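J.: One letter stands for each residue in the lines below.
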Amino acid sequence: MLSKLLFKNQDKKQLIIAMIGSFMGITFLITSIHYLIKVNEFGEGADILGPNTIIVQKKVTTSSSLNLAKTDFSLQEIELLKKEKFIIDVKPVISNNFDVSFATADPLVPKFSSDVFIQTVDPDFMDVNTSEWKWSRKDTIVPMILPRDFLVMLNTFMSAQGIPQISDELAKDIKFKFRISNETSEKEYIYCKIIGFTNEVASILVPESFMKYGNDKYGNLTEQKITQLMISGTESEFGLVEEMLKERHLESKNSQMVVGRLKSMVGTLILVVLGISIIAVFVSGLVLIQYAQLLMSRNSYEVRTLLRMGYSPKKIINKFFFYFIKIFGWISLIGFGMFFVFKYFLDAMFEEGGLYIGTDMTLFSIYALLFAYLIFGIASFMNAKKGIYKEF
Amino acid sequence: MNINFKNIMPKPLESIQHSSESIWGREILLEQRKKIMLNASSGKGKSTFTNTIFGLRKDYTGQLLYDNRDTKTFSPEEWISIRKEKISVVFQDLQLFNNLSVKENLQIKNNLCSVYSDSEMKSFLEMLEIDNKWEQKCGLLSMGQQQRVAIVRSLCQPFEWLILDEPFSHLDKENSQRSLKLINERCKQLNAGFVLTTLGDDCDFSYDHELKL
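Chains A and B, in that order, are what the protein sequence lines are.
With this note's numbering as the guide, the letters of the first sequence map in order to residues 496 to 887.
With this note's numbering as the guide, the letters of the second sequence map in order to residues 29 to 241.
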């Protein structure tokens with residue numbers, strides 16, 4: 496009966512407008528948060544390098560070829576790069592200062608051997624299982640990450656030998672060995688195993704400890720130069736990283752730049768949509784709150800009389816609070832349903848455009864919805880409390 | 029519950045010259061279970077008296093004490109409890125819900141303490157000869173009928189005091205008598221007192237004492 500008394504006298508048109516506004520805001524909020532996360536996740540796991548990470552080197556010019564310009568980085572240059580606001584971290588890529596050759600060591604695979612170039616990067620920049628990515632002097636097998644092009648070359652060799660080509664997974668089961676040596680004919684054989692592949696690095700990657708061991712024991716005495724750096728940039732600011740590379744005459748592998756640029760661009764666009772959605776949810780929430788105020792003011796006689804009859808303010812506050820919480824709950828539920836409709840079409844659109852983003856649900860969009868609901872609930876309660884006690 | 033008016037002077041009435049018998053500015057004790065008639069002409073503060081005693085107005089000097097407790101110290105929750113169980117009022121403007129039926133107007137009050145069944149409430153209306161209006165919206169009733177509904181509504185709760193602010197102003201003598209009889213029976217049943225404010229008509233009823241404004 497209280498509901499009949501308090502909610503019969505209302506302007507439904509205004510309520511419906513406020514509800515449509517909230518519904519649109521909620522739908523866009525969930526959708527934009529979901530796709531912002533998905534676009535940021537795009538590319539993760541496809542390579543061993545972490546997200547927004549690139550390897551840079553100085554541009555090789557005619558003068559550098561003639562030894563007139565340096566192609567290595569000084570410590571001062573590295574420190575300067577670290578000071579840039581949009582750069583999270585910079586670490587040198589360390590190369591071998593000793594001779595390495597790489598050969599198959601499996602009776603089931605034909606003999607193949609080649610001199611190779613190995614490098615190591617800080618594990619913080621890599622997206623690998625850290626329990627696998629380690630080596631100590633006691634270990635008999637060195638984990639390594641192979642450039643995918645190297646596997647293509649290996650397969651070409653297999654094919655020429657009339658042996659079936661090997662997949663990524665099969666390659667991980669084949670035994671290989673390194674021969675590490677120096678100019679004084681000291682040498683050592685160590686078994687190695689592929690634990691992953693990379694499209695971004697042109698050399699075989701090994702753990703830092705193995706590189707240190709090789710360089711300490713077999714390295715020649717000349718000072719090692721840093722010619723490549725790993726740089727990780729902040730999200731959505733890849734444009735600034737790119738600009739900085741141009742200014743400092745640095746270059747990076749094109750594909751790394753394209754992915755970074757694409758993510759930065761789409762991420763910025765979605766951030767704009769997210770901003771608009773947050774404003775929309777805020778404004779529509781405000782409209783609903785204002786509508787609640789209007790409703791309480793229209794029913795001020797009823798509220799006042801109920802209080803005079805002995806109805807507890809808490810009971811009347813709860814009536815208004817639960818009424819609007821229920822409305823916002825329905826709006827959220829319908830908005831959530833609409834998000835799935837949008838998702839169905841948007842996922843298909845992204846896939847057609849070659850952007851294979853994950854199709855599973857992101858928890859953050861649900862958290863955002865719950866957060867919006869919580870904020871509305873608190874605002875609604877405070878509003879009802881203020882309105883009812885005013886009539887006391 | 030004893031109600032003590034300790035030198036109360038409502039601010040809007042400060043400029044008016046009050047007689048020596050007036051309750052304003054004097055110490056008056058409303059003893060529990062007493063039947064009191066408050067007699068005054070228009071503009072002397074009958075409704076102010078009702079609103080002050082019910083905690084709706086606090087713009088006065090002096091003290092209003094319920095069992096020696098100053099009502100200005102009461103919390104909203106205490107007032108709610110008093111309005112629900114200790115004091116019932118028939119306001120001069122009745123304060124009914126015009127969009128609700130007579131039945132709903134009575135039920136909304138009765139639901140707070142579940143004092144009567146629907147049939148009991150209907151029997152009260154029958155005593156006042158408006159039981160045929162049970163399903164009718166209050167806004168469609170005459171003033172006299174509305175007054176009778178408001179009186180029945182005021183009885184649908186436990187109370188120690190019943191304050192009636194000119195409750196018979198639109199009733200003929202017969203209906204006033206019937207209403208007063210019903211009020212008196214209910215007060216007896218609850219061992220409660222009541223204050224009836226009038227413009228001078230004693231409705232042929234014997235009161236314990238009379239107050240003037």
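Calculated from the structure, these hints are not laboratory results.
Since we're looking at a predicted model, the values are computed, not measured.
Take the hints with a grain of salt, since some may be wrong.
Straight-line Cα separation of at most 25 Å, PhoX-like style, residue types lysine-lysine; simulated pairs [stated by the list, open to error]:
id	chain 1	residue 1	chain 2	residue 2
1	B	K100	A	K499
2	A	K885	B	K131
3	B	K150	A	K809
4	A	K670	A	K682
5	B	K86	A	K881
6	B	K112	A	K810
7	A	K809	B	K86
8	B	K100	A	K880
J.: Now tell me if each hint is right for this structure.
T.: Hint check:
1. With a C-alpha separation of about 34 Å, the suggested pair K100 of chain B and K499 of chain A falls outside the 25 Å cut-off, and the hint is violated.
2. For the suggested pair K885 of chain A and K131 of chain B, the alpha carbons sit about 29 Å apart, so the restraint of at most 25 Å is broken.
3. Proposed proximity of K150 of chain B and K809 of chain A is contradicted: the alpha carbons are some 30 Å apart, above 25 Å.
4. A hinted pair counts as satisfied when its Cα atoms are at most 25 Å apart, and K670 of chain A with K682 of chain A qualifies at roughly 19 Å.
5. Between K86 of chain B and K881 of chain A the CA atoms are separated by roughly 20 Å; this keeps the pair inside 25 Å, and the hint holds.
6. At roughly 14 Å between alpha-carbon atoms, K112 of chain B and K810 of chain A fall within 25 Å of each other, so this suggested pair holds.
7. Taken as a hint, the K809 of chain A and K86 of chain B pair is honoured in the structure, with Cα atoms around 22 Å apart against an allowance of 25 Å.
8. At roughly 22 Å between alpha-carbon atoms, K100 of chain B and K880 of chain A fall within 25 Å of each other, so this suggested pair holds.
Figure legend: structure checked against the earlier numbered hints; hints not met, in rising order: 1, 2, 3.
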